[in-house]
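A.B. asks: Residues per chain, in single letters:
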Amino acid sequence: MLAFLLRRIVLIVPTFIGVTLLAFALIHLIPGDPVENISGERGMDPARRERLLHEFGLDKPLPVQYIEYVGQVLRGNLGTSLTTHEDVSTEFLTLFPATIELAFFALLFSVIVGLPAGIVAAIKRNTVADYAVMGVSLTGYSMPIFWWALLLILFFSVYLGWTPVSGRISVEYDVPATTGFMLIDTLRSGDFGAFRSALSHLILPSIALGTIPLAVIARMTRSSMLEVLREDYVRTARAKGLPRWQVIVVHALRNALIPVITVIGLQVGLLLSGAILTETIFSWPGVGNWLIHGVQSRDYPVVQGGILLIATIVITVNLIVDMLYGVINPRIRHA
Amino acid sequence: MPELATPAVGTGAPPGRLGEFWRSYAQSRGALIGLALVVLLVLLALFADIVSPHPPNEQYREFTLTPPAWDPGGTSQFLLGTDPVGRDILSRLIHGTRLSLLIGVISVAISLGLGIVLGLVAGFFRGLTETIIMRVMDVMLALPSLLLAIAVVAILGPGLINAMYAIAIVLLPHYVRLTRAAVIAEAGREYVTSSRIAGAGVLRLMFNTILPNCAAPLIVQATLGFSNAILDAAALGFLGLGAQPPTPEWGSMLSSALEFIQRAPWVVTFPGLAILITVLAFNLMGDGLRDALDPRLKR
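Listed in order, the protein sequences are those of chains A and B.
Residues 1 to 335 in the numbering used here are what the first sequence spells out, letter by letter.
Residues 336 to 634 in the numbering used here are what the second sequence spells out, letter by letter.
Keep in mind that the hints were calculated from the coordinates and are not lab data.
Yeah, the Cβ is synthetic: ideal placement off N, Cα and C, and Gly gets one too.
Incorrect hints may appear among the rest.
Unchecked claim - Ranges between beta-carbon positions, derived for each pair:
1. A:132 / B:526: 42 to 48 Å
2. B:452 / A:227: 50 to 56 Å
3. B:392 / A:261: 49 to 55 Å
4. B:516 / A:76: 37 to 43 Å
5. B:452 / A:324: 34 to 40 Å
6. A:89 / B:526: 55 to 61 Å
7. B:392 / A:75: 51 to 57 Å
8. A:93 / B:536: 52 to 58 Å
9. B:407 / A:161: 45 to 51 Å
10. B:526 / A:66: 43 to 49 Å
11. A:83 / B:516: 41 to 47 Å
12. B:532 / A:112: 45 to 51 Å
Looking at chain A on its own, in the form it has when it is part of the complex (with noise of 0.2 Å):
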């Protein structure tokens, strides 16, 4: 066991590496150098320009540069935003917990409601029940969500009027942020108002954060379900006489659930993704959003601490995901 944890983790070393070398070449590979980037359009005098190289670090060989870019990141700095001049990883840490509870509660949707679709869907095969859960998944699998979060903006909040635009919380709220989760945060200054105002800010991209994941959890349960449903095991269960339900809950769902729970792992990297789009849209203010006004406004300190940050933890869950999955499954450790 031990053997097969060390074993992962030592593989992802090299992933590591490689994306570290993706980050440091990204700033590199654009055109002009950065401080020609800090200069602009006006330009600078050579002698200001060779003082600001060396300051940088930038006269070095590269493999050289490499490396103490490396060991800056290990020391967790990750430089200063051209923008607001802030520290990068300060900045990601103050915006991430607003990534997170939206990420959270999106697979919280996807979950609740793609799992009992294919779960029907697998014991109803072939009817009209079935056809409509895998319709609606292959529909949302297929979705350009900015465009299905517009919509569910017209619908719900213009057309309806139930539910906010935009943001996180209502203006006329001031919570102090101490953990940086709007819903606890809320709920610690006892403020009811505040905690319902930010709970309806969050459905709506929830809802469009999480219908990927549902799509693509609802047809991996459907035919986790079927094949499990074929077993030996199930059989004799029916035989024994067990009514239907136990024989689909205790019997087959624990086992088909092993893949699915895979699945679920790995939309981790789906929803930072998605999170992208869906900041943008809600003007959410997380590390997606800020990513993207750091591409829009050349911050290239910003891009470059945001993907090897946002990388590091893509990676970091799925080794997680493999190891349980290790756990939970003997055969993968042994093979």
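Mind docking chain B on chain A? Use the hints.
C.D. replies: For chain B alone, coordinates are given in the frame of chain A:
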């Protein structure tokens, strides 16, 4: 096949490989719908200049934000209405089909070509070459696709062509992995050995002997890659990192009309619908192809 007792029904000849494939493909209604839609989209793209009622960038200043024809305020002159500067939305959507399919063709072609070569090399030579290629692909797979595309666009600069390169890079690891896996599975087979003994060179072994037998999963992946390419290109266009206005690309059409969403929902509704239908068509076709070409993968 000479002198077999012919069955009473049909033409009598046994179905050829193509016929057999078609029979299997046509079993799925979804696959047929997908194929029909794709054919329609290709025709629209090819004959965009003839089919569209107006030039895509012509501005009819007296008709800005005209609603669709079925709306009381609409006119039959502009079936799906006009955008904020008075351009016909239907015509722009039809021309956008051309762009979207072009993005799909070019990015899939680049990444499929490169992916096949890298996958063949990795699967054929193994060893250090394979390790290096596959590790690089792992890094690329570790990044969420849109994030990787954004990183590439951040390097190359925004624009339609760069968006295509970015998407090609995002799709690449899938083809490399598929090709490599198929090559490794095939390389030990007897027909490969006998071809080698017969004196076939490395290139011949790679491209003529092994590659055709790995085609099925690649065709399926290419079709699904098409829908990913169109979706990602639209997302990049929407974020202002892909095609730039006034190009009638669906994603950038959508984002440039964003401020009018409340007054004129149609400027946002139709481009999105076009993206959804196109992506759905390719996904349906891809699923159908997978079931027909590779029965083992059938769910």
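A.B. asks: Each hint should be assessed against the structure and marked as holding or not.
C.D. replies: Now the hints, each set against the structure:
1. Taking 42 to 48 Å as the suggested C-beta distance range, the pair residue 132 (chain A) and residue 526 (chain B) conforms, at roughly 46 Å.
2. Roughly 36 Å separates the CB atoms of residue 452 (chain B) and residue 227 (chain A), a value that falls outside the hinted 50 to 56 Å.
3. A hinted range of 49 to 55 Å holds for the C-beta pair residue 392 (chain B) and residue 261 (chain A), which are about 51 Å apart.
4. Against the hinted window of 37 to 43 Å, the Cβ-Cβ separation of residue 516 (chain B) and residue 76 (chain A) comes to about 39 Å, which satisfies the hint.
5. Taking 34 to 40 Å as the suggested C-beta distance range, the pair residue 452 (chain B) and residue 324 (chain A) conforms, at roughly 36 Å.
6. For the pair residue 89 (chain A) and residue 526 (chain B), the supplied restraint of 55 to 61 Å holds, since their beta-carbon distance comes to about 56 Å.
7. At roughly 53 Å, the beta carbons of residue 392 (chain B) and residue 75 (chain A) sit within the given window of 51 to 57 Å.
8. A C-beta distance of roughly 57 Å is found between residue 93 (chain A) and residue 536 (chain B), which places it inside the suggested range of 52 to 58 Å.
9. Residue 407 (chain B) and residue 161 (chain A) have their C-beta atoms about 24 Å apart, which leaves the hinted 45 to 51 Å range violated.
10. As the Cβ distance of residue 526 (chain B) to residue 66 (chain A) is approximately 46 Å, the hint placing it in 43 to 49 Å holds.
11. Taking the beta carbon of each, residue 83 (chain A) and residue 516 (chain B) are about 45 Å apart, inside 41 to 47 Å as hinted.
12. One distance hint, 45 to 51 Å for the beta-carbon pair residue 532 (chain B) and residue 112 (chain A), is violated here, with the actual separation near 60 Å.
In summary, the numbered hints that this structure violates are 2, 9, 12.
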